[in-house]
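J.: These are the residues of each chain, in order.
4 protein chains.
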Amino acid sequence: MAFLGELLTNVADRGRALIGFERFMAQRNRPIDRLCEDLLSGRGEASGMALAQGVLDAWERLDKPGRRAFFAMLQERFGPDHERLDRAIEAYRKAPGAGTISALHVASEPRRQELLRRLNLAPGGTHVLVRMREALFEAMESDRDLMTVDADFRHLFGSWFNRGFLVLRRIDWRSPANVLEKIIRYEAVHEIQGWDDLRRRLEPGDRRCFAFFHPQLTDEPLIFVEVALTRAIPRSIGEVLSGEREVLPAAEATTAVFYSISNCQEGLRGISFGNFLIKQVAEDLKRELPGLDTFVTLSPVPGFARWLEGLVAAPGDLALTNEERSELARPAGETISLDEATRARRDKLLGQMMAHYMLRARTPAGRVIDPVARFHLGNGARLERINVGGNLSARGLRESHGVMVNYRYDLNDIETNHEAYATRDTVVASSAVRKMLRPAAS
Amino acid sequence: MAFLGELLTNVADRGRALIGFERFMAQRNRPIDRLCEDLLSGRGEASGMALAQGVLDAWERLDKPGRRAFFAMLQERFGPDHERLDRAIEAYRKAPGAGTISALHVASEPRRQELLRRLNLAPGGTHVLVRMREALFEAMESDRDLMTVDADFRHLFGSWFNRGFLVLRRIDWRSPANVLEKIIRYEAVHEIQGWDDLRRRLEPGDRRCFAFFHPQLTDEPLIFVEVALTRAIPRSIGEVLSGEREVLPAAEATTAVFYSISNCQEGLRGISFGNFLIKQVAEDLKRELPGLDTFVTLSPVPGFARWLEGLVAAPGDLALTNEERSELARPAGETISLDEATRARRDKLLGQMMAHYMLRARTPAGRVIDPVARFHLGNGARLERINVGGNLSARGLRESHGVMVNYRYDLNDIETNHEAYATRDTVVASSAVRKMLRPAAS
Amino acid sequence: MAFLGELLTNVADRGRALIGFERFMAQRNRPIDRLCEDLLSGRGEASGMALAQGVLDAWERLDKPGRRAFFAMLQERFGPDHERLDRAIEAYRKAPGAGTISALHVASEPRRQELLRRLNLAPGGTHVLVRMREALFEAMESDRDLMTVDADFRHLFGSWFNRGFLVLRRIDWRSPANVLEKIIRYEAVHEIQGWDDLRRRLEPGDRRCFAFFHPQLTDEPLIFVEVALTRAIPRSIGEVLSGEREVLPAAEATTAVFYSISNCQEGLRGISFGNFLIKQVAEDLKRELPGLDTFVTLSPVPGFARWLEGLVAAPGDLALTNEERSELARPAGETISLDEATRARRDKLLGQMMAHYMLRARTPAGRVIDPVARFHLGNGARLERINVGGNLSARGLRESHGVMVNYRYDLNDIETNHEAYATRDTVVASSAVRKMLRPAAS
Amino acid sequence: MAFLGELLTNVADRGRALIGFERFMAQRNRPIDRLCEDLLSGRGEASGMALAQGVLDAWERLDKPGRRAFFAMLQERFGPDHERLDRAIEAYRKAPGAGTISALHVASEPRRQELLRRLNLAPGGTHVLVRMREALFEAMESDRDLMTVDADFRHLFGSWFNRGFLVLRRIDWRSPANVLEKIIRYEAVHEIQGWDDLRRRLEPGDRRCFAFFHPQLTDEPLIFVEVALTRAIPRSIGEVLSGEREVLPAAEATTAVFYSISNCQEGLRGISFGNFLIKQVAEDLKRELPGLDTFVTLSPVPGFARWLEGLVAAPGDLALTNEERSELARPAGETISLDEATRARRDKLLGQMMAHYMLRARTPAGRVIDPVARFHLGNGARLERINVGGNLSARGLRESHGVMVNYRYDLNDIETNHEAYATRDTVVASSAVRKMLRPAAS
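Line by line, the protein sequences are chains A, B, C and D.
Sequential numbering from 1 applies to the first sequence in UniProt numbering.
Sequential numbering from 1 applies to the second sequence in UniProt numbering.
Sequential numbering from 1 applies to the third sequence in UniProt numbering.
Sequential numbering from 1 applies to the fourth sequence in UniProt numbering.
Since no wrong hints were added, every one of them can be taken at face value.
For identical chains, the list gives no copy identity; a pair is met inside one copy or between any two copies.
Subject to a maximum C-alpha distance of 20 angstroms in a straight line, what follows is the list of computed EDC-like cross-link-like pairs (lysine to aspartate or glutamate):
hint, residue 1, residue 2
1, 182, 196
2, 182, 172
3, 94, 83
No lab work stands behind these hints: they were computed from the structure.
Next up, chain A with everything else stripped away, as it sits in the complex:
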């Protein structure tokens, strides 16, 4: 006769607790598609949390083919109701107006959107749904039709992970270990070698790290940025990460360098936080340290080497000499032992190429080629400086011949910069960068 048959200690038992043991066992034996239909039906109103828990538990037990079948089911059986849609179109045709449009909008909404909203009723549901989308990406590789399913995930996640719901938290050496291990795991730009390396990036007084969290994913950073406080805009990642550098008292810093930004949740791909993160962190740092007046990145240029390869093959109007072309084709490994003059020439040449890559080169569709550049320029940053030799790691050499760049965030110019970029694909750059452009061959 009891309402809740037992002491609940196990999250896995929640479903059981919420609807009683027998129903729970019955539920476990129902196929997942029936459970989904139940959840969308009236039963879902009476015992939504339990049903949602049941679906998610069942989903977690599925193997890879089972999950593919699940997504296919979402795509085929939980789309919009076609009859209803046709009726709505008819009604709109007869009487176009706010009411009929609204009905049309509702009728064209796939049923899976409501299903996903109801799945989120389960304790910890949001987290499972994010992982579900990760699995969906994998399934999409062999089944492009699933993109319509993903569109619904993205729509909902866009709403749920609205910046207004995110919380900015500083990550430091006092943060919980289970969060820190994720920082180690997800750092995507300059790999963290382990706990000692992590500590070097978090503990010194001139280092900061911030992440966005969502209240429902408490131990899971969504995105984080690593910051170095300095007295000048740095030219290389080596000087930033050096374990030997002298620690600068934070109050004496003038410059905040965003040297690494990493997304943590593959399942939130396409939901953009980076823009907000940089600006919010800049604001918070400025409040803590009024002496800061410069906010820049130290960024990789991941598309440069590949573009340059193409250029060397077909230099077009850049009019490269043969000597220059063979210099640019030189394997990365060989450049270590260059004599000073050759190196200086090579450096100058690389700088010119980078300036061209950034300011002039475009995709066939007319867009800036580099993805990192597109991100920062789209945020309204300007290209501040080109640093030849900025990253001499194997990856840095391979991706960009070791060149890095700084983007600068200056609030007064953000909108103008953004507009120039967004409407005309114009890259706003410092005069120093512009001067590096090689005079056009005439």
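Take the given structure of chain A and dock chains B, C and D to it, following the hints.
T.: Chains B, C and D alone, transformed into the frame defined by chain A:
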């Protein structure tokens, strides 16, 4: 040259901080409709938080006619793009399929949905949007067209305030005063007379109070429930609220009585939490106090007196005698000095009428008449007991001739109960209640 | 066989849980003096927490005569061991040195000090011990011998409540209600009329309240100070507390006014925190609001009226005229309807008297008379201003003819001021105050 | 004119902030002994926090000889006032009584006790004082007179770190990294190999770790215990720490095994917490997991091998055969390749020796030899089982020939066990252990 021109201490200054003083002043002078358009445009991508803040600040400065105009603007200028919608319909007609439906769905979405999502970027935006909907209700009274605007608010709030994002918190005498004052203010069933009365409801060991909160509205309970722990199902609110009763050690309680449930946010009207709240609280209490085995409400019946009035005028097949009719028409004030026999007769009669009201009487559309009954029956509760004389306050006498009822939540029956109610409008009731039904006149 | 026989939910059952049911019951039947001896013996090492709990529970059940007997027992039976002491003196006489002094110090320590330390092992023990000292004060009224017992309490509390262990917390309208009710209860200077009045002192942006807490007494403030942020040093408590005043944006304040300081724990009488509280709050406010440059009190002068009464009777070398003496003897109630010239004369006269009271009048032992003055001057503050008509409440008129004063805390002068006061009983005062002194009659 | 001349961001600048720049600089140039005298004088009352900070800062800058000199100064110049002491003795002789004893106690207190209390006024002072005692231990090695100084530290720390002020916290994989690194560093029994090893000890559902913290040393555990939840009393540390074992659902555990207890603060040596820690953790675990009914340790026996070496040399009345003596003298490294029969004989012999070591062998003063045994027996535990081969690590073999033991905490017997041990040095042991004793040679 500075990124953020100053130390920020004032939320009202945030917009200024985020885009610089001059732009901030310029923004303040732009009309609110231009700001909304900016926010939806590319500019919104570059400086969304600042623009959103600007719109919300401007909105808060509007007077009542200004707000009406604002809502009208949302309705007229931020609906769907008609041309695009017609093209989408055309495309769908030509090639019905997931892709064209999806495009149709997007095209039929009013632009204000995205606008509201972007307004939520501002710090504290969610709170302002909830208050905005409150103002919208007022405006809707004179302009029913605004209901289409409200549909968009409700759609978004339904997603944002999904139960999966809510947090259950116990409210007690250690809770923050600014939360407690809201409990006093929002208690809608049995008014709280002040801080001492509040304390009597929170501090004793056999009292509990729980509320749902949303992470973005930290000081604002969304809905709360007051619970009494007892050894029997109570028959009257007087025995529950009595200041003289002996406090029961919580570990000895067998029964949890939900004696008051109040919504706090008018702006979230129609977004249902009560169902989840009761079940979650029951689960949490059961975990804390394994001795609990009965979960009931002590509920008002707000529609009873009005219905009874109609009945007395036209008793239909209930075949009331003239004596009964005049007894039921007796003004509440007069019943105090009845002799015992008359009172007993009257009580029995009231009980019969209440059983009829609950089990048999229906609206013209065939639905249960009482709104509180609809809520609990829709949640799967059953009608457990009718308590004549349960609430002798002026309001209790006026609304329901002093009768209260208990609804019982028994997990094993919730789905069956819900189904009986949802599909056939059948009210599941205890045999004691069913026996109170007056035999049909033949 | 079980280690801990049951689920523990009740603090009162702790003793039982910690030593098993039978021993617990046996313990309950032992007289409290035996329990105390047990606690000091070897048994105390094995089951100290349980025994300590047992003693404290037994103590809480004692009635007033029982508690007096308990304190008498502490005094008589738990003093130092006389034989051991005599041996220690002998040893010291024979061989004076660090070792024998140390032994002498230990031998002269009353056994109750260790007893009190062991009582503190019980969960919540610190709180009970503070209340125990409150009861001791009452018992001391009829038994002055208990002062030696109190000396041990004070010694231990001085160590336990060392400022280094205290935590400063801001109290505001978001603080827990059970803390706020203590603020209402303990406010000793300007009574708080209820929750609305409290709110007026906490919520406006130009009000602050801070308290010291001890980690073991989480819901119990030890001492608190109320602060008003203003643009000038206030002349009356009325302007500070006025509900009609316009709220000043905190960032525009130049002056922090400490207008009320109240101790909360009678059981900590004589353990001084006020000095640290003022300086710490000043430091924290300065950090939050760099615009603050003046830190003053607005203080009562509780000894003034009584002193003045004596003076009027025997003016000594102040050479008061008869007219002045009758003016000063005028009952407070009569002064309301004075004409302007009389009032001005009276105000000037009161100011002269106050300046004399502060700067010249001394107790027979040569000390400053006013207790509040001794506190602030001892902290190194200086007397900044005399405000005739500063407090026209019944109490203000009765205690000090309505006069209040400001003490100023200026860091650069604190040590000098303190030294002047501590070594020579000199009161450092502003020139404005000094000028108010009536020229000595020659 | 400013009270606090600047924004305070640096703890090191606190002294400066608290007394103004010039005084701060002056203070820095005063010798540390003068600062100590100031702190004890009236100046200490006016600006105690600043002076205390000044002393502690100066102390931290001292090199090793400087610190030795500092301690010598405490010993020589801050002892009791001899004249006053002699007067107090005289007064006591003339009139022995509570008052004169009390005065004698005060007069015999070294002045450094009050000095240490005042040093604790500084922010973070407690932490520095704990480290100061660490340094004192080092200095004591060459200067035994400093033991009287240490007596004062110990007296104060005993009062400040009273169990009533400690907080028990669970340590898990969500704990802050700066706390966890201390767990790695301080684990003194079974070394933790790094973060992965730590994680294996914290994260699985059948592992627990608890530590005592003091509110003033928030990031510094004082002592911690590692616990394994099992279904039987384990025989070897290998089975406890094995990375391959299957994780046991906590709710199914019957036995809590305390397999490692480590003190973290050398500066708190002699202040005992371990007794309280074990009992409190047992209580908390029992509450969380009612299925637990056995609480045991798995403990090293660090004194066994050394004792056995002596025994082999001079077996006394144990009447070892020559064969047995050479077996017991066999180097640890050689035992790996023993045949089964030899091993069985050896194991039995080792068990007999261990039983003898625990139950019969005593120091010349009649005490149990093993320090770990003394700790647990003094807490009232009984010796439950001897595990030959319990720890085959190099250290385990070296210290105890690989033998470990279990001590059992059974609440009902704790006091009796303790009493037997404390008054008669009797070791309470299970019959299984007693049976292992070799019959006495007759």
